[in-house]
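2 protein chains.
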Amino acid sequence: MNTKLPPRTVERLSKYRRLLDKYKDLEGAHIYSHKLAGLLNLTPEQVRRDLMLIGITGNHRRGYNIKELIGMIGNTIDRHEGQQVALVGIGNLGRAVLGFIRKAETRMNIVAAFDIDRSKINTHIGNVPCFHLHDARQVVRDKSIRIAILTVPPEVAVATTAMLLQSGIRGILNFTSVHLDVPPGIYLKDYDIITSLEEIGFFIQE
Amino acid sequence: MNTKLPPRTVERLSKYRRLLDKYKDLEGAHIYSHKLAGLLNLTPEQVRRDLMLIGITGNHRRGYNIKELIGMIGNTIDRHEGQQVALVGIGNLGRAVLGFIRKAETRMNIVAAFDIDRSKINTHIGNVPCFHLHDARQVVRDKSIRIAILTVPPEVAVATTAMLLQSGIRGILNFTSVHLDVPPGIYLKDYDIITSLEEIGFFIQE
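Which chain is which? The protein sequence lines are A and B, in order.
Quick note on numbering: the first sequence equals residues 1 to 206 in my numbering.
Quick note on numbering: the second sequence equals residues 1 to 206 in my numbering.
Do not take every clue at face value.
[Said to hold, decoys possible] Restricting the straight-line Cα-Cα distance to at most 20 Å, the calculated cross-link-like pairs of lysine to any residue (SDA-like) are: (1) K4(B) to G63(A); (2) K22(B) to L180(A); (3) K24(A) to G63(A).
These are calculated hints, taken from the structure and not from any lab test.
Note that the structure is predicted; figures quoted are calculated from it, not measured.
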């Protein structure tokens, strides 16, 4: 498996697949790089370069076979058995994220939720069992969880992250606005709403 | 105002400011580009290039003056009067996003919320008044709103977007998993949770 791909390429490959997924049952359907590029505000060169990196070259006359494309992207970016994910912090945001992921077609399985509110422990959020954060080490090992989605209040973000890393978590999707310092080998991705809004604000200035 | 900056630069400038904001009251405090870079997993060259683009050069011996840096970034990316933002769709996710933005220090002001559930219309979510989506055109004009945060259910995302654009919205932060087609001149930013998870999953593979 090629883990040398740049993060932006992986991000785009995932987007190509999500966009194409609805056409996957169309037997023999093809798409041109410029069409795919147009749908995602990219250049056709970018799309062709990304696909070339995972060994796909299109047909000049017909473009890319959609079904093959989806398959090859999956071979590149998916683990075969799927990935086990924990949701950490069950407030409004945590519930919203959970609902969102449940509706999507993905191999990312949320198999545990953590909180410190005793009224939530040993209940289920949707179908997901909820545990006390103090049991994270045990649960993370038992369920082979490697990714955590962090939706705790900002004031406990740093302490919670330390605990998750000690429990064996290797990747974190950080929904708190808090800057997290993680050691090398841990993959951290920040979801920063304010930064996104400020970016939009900048680009719509007259 | 320089709207020629690349989106990624604007994104990073916003991050520099959010990270430095907590040090802003330290009179005379400085920071080196390599320190700032390290905190955000960037290279010092990247940081220096970004800051050079908005006319800031650091002092070789002391680095960048933090207060000046925050001010210059603000002069570049903020509108002076702040920006009026609407929240569209008041479910769990909408409420969570609203709470998140309220706690952050930002010039992004959520001044209206929209929904179609009559039990929510004419109430307040936090301090934010809630209107029927059918009144969007009027409210958007009256309150000079230019940005919308889209947290509606996926099945109504496309229709809602069309309505918002007709109402004069110029920028959209899309939290639905739906691909939106927007005309040139509209700035769209997708918040794609699945793509982020798949990216993390890829990079933590052994």
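For each hint, the structure was consulted:
1. K4(B) to G63(A): Cα-Cα ~33 Å, so violated.
2. K22(B) to L180(A): Distance ~14 Å between K22(B) and L180(A) Cα, so the pair holds.
3. K24(A) to G63(A): At roughly 15 Å apart (the allowed maximum being 20 Å), G63(A) and K24(A) satisfy the hint.
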